[in-house]
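Asks: If you want the building blocks of each chain, they are given just below.
There are 2 protein chains.
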Amino acid sequence: MVPLVSTPVPQCGHEVLAAVLQVRDDAVHVLAWQRAMAPAAGAWALPGGDLGPDEHLNASIRRQLAQKVDVRELSHLEQLDSRGRPERVPGRRVVATSYLGLIPADADPRLPDDTTWHRITDLPTMAFDHGLIVRAAAGRLSRKLTYTNLGFALAPPQFTMSELARIYRAALGHDVDVTNLQRILLRRAQITPTGATARPGPGGGRPAAIYRFTAYELAVTDPFAVLSPPRT
Amino acid sequence: MVPLVSTPVPQCGHEVLAAVLQVRDDAVHVLAWQRAMAPAAGAWALPGGDLGPDEHLNASIRRQLAQKVDVRELSHLEQLDSRGRPERVPGRRVVATSYLGLIPADADPRLPDDTTWHRITDLPTMAFDHGLIVRAAAGRLSRKLTYTNLGFALAPPQFTMSELARIYRAALGHDVDVTNLQRILLRRAQITPTGATARPGPGGGRPAAIYRFTAYELAVTDPFAVLSPPRT
DNA sequence: GAGGTTATCGATCAAGAGTCGAAAACACAG
DNA sequence: CTGTGTTTTCGACTCTTGATCGATAACCTC
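Chains as they are written, first to last, in the working numbering: chain R, 1 to 232; chain V, 233 to 464.
Among the clues, some could well be false.
To be verified - Quick list of the computed label-pair ranges, beta carbon to beta carbon:
no.	chain 1	residue 1	chain 2	residue 2	range
1	R	T197	V	R367	52 to 60 Å
2	V	T380	R	D26	56 to 64 Å
3	R	P112	V	Q266	47 to 55 Å
4	V	D257	R	R24	49 to 57 Å
5	V	D354	R	L132	57 to 65 Å
6	R	R187	V	A430	40 to 48 Å
7	R	G52	V	A451	36 to 44 Å
Everything labelled a hint here was simulated from the structure, so no lab data went into it. Ideal Cβ placement from N, Cα and C applies to all residues, glycine included.
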């Protein structure tokens, strides 16, 4: 797939990288692949690569990602920031534009042999500054989760409130009250009851209502807008 | 691809740009200079230029800005985003990383002849995609003003509440109640009374208390954190 | 002083969010 | 079929934040 030797040096020292996050087993994971060659052989790296000579940034990150995971599984993709420290990659000056990618909690895409999921709380040795990018991505995710509808990108198409709360718990890193979560997301019209109910597990319990997200595109929820325009 | 004049071709097609904003006469203005040469001759452009071969992004934007304004006047500088559409600049493929810069309302820095302030509500013909960057910068500013202490970068070192409210009005684009603003910023401990009072203008009026910002580095104010951790 | 002007403070109202416990709806065991 | 345990759901309550408005304070000029 990737040529091992004699890669032509790209004329533009610019690369794109993505921290693709997913909640798996109640913990946020990031997609990474293990480098086989120098530099940073053995370390884990984020998917990405050099920007093509006449390529859009968005097109490039999608193309690079496609080498590691089925991009159709991606529920969200947004730009994070750019890093240009000359020494961030030894031996070559390259500016990196990083992205945050999300995959719904129920998906389990096929991955190449060199690629696996890693808990972001227990990262292996990461190549270059990729560890910093993962932290920036996780921070962006948890903050945006509170004032946007970004949950749609983490949750499966259908879910109960308990399942959704577990996802939020993992992504936010602290406890989430189910009652509170339900009221907030309902009031914001972020989620809609489908009418169906889930069957209780063994041992019983009241069957849970099944919800879905109302929209699947990022939207900011006004409510917490402070210093807002007059209400008249 | 080949440059029209004999400027040395940078080895990396990467530039940095800054939208430097300031509140002047109750309106947000942006610093721009008028291009004399093709491409986009006559159009107004943001300060910026090509990234040096071994230059940090932050160092580069400061260096470029220094050509148009005294960077010591800058009260804040943060990265906005990167744009890489191949056609964003005709004749040359260049990725741009944009920045938001702020200058306190009372400063009036010396500017080169080709450089002036423009109201962002009434922009002249902007070169390339620079108009989009100005809008992104203004949006970032108004949003961050509500949930951070970014006001410190817009306000002069000392101010009365009326003066501060006028600055906020301009940056937010809507009315701001003085009483409300005072209470919110005091409760958040963003501002501190200096003890001094301003002399009333002609016609009298109660002398206004003089405040200053408590801190001069960006800090997020928690209060509006939704789905916040349990209060116990 | 009297009237006009501006700033400040307090009381009140409304809305969003966190907490808690009771009730609802199920499975399973006896 | 009934009682027990489990999970979900709903409502009442409290707390905090922010918006609104009127009253008071402190100054000017005449």
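Asks: Work down the list of hints and note, for each, if the structure agrees.
Replies: How the hints compare with the structure:
no., hint, result
1, R:T197 <-> V:R367: 52 to 60 Å, "violated (46 Å)"
2, V:T380 <-> R:D26: 56 to 64 Å, "violated (32 Å)"
3, R:P112 <-> V:Q266: 47 to 55 Å, "holds (52 Å)"
4, V:D257 <-> R:R24: 49 to 57 Å, "holds (55 Å)"
5, V:D354 <-> R:L132: 57 to 65 Å, "violated (40 Å)"
6, R:R187 <-> V:A430: 40 to 48 Å, "holds (44 Å)"
7, R:G52 <-> V:A451: 36 to 44 Å, "holds (40 Å)"
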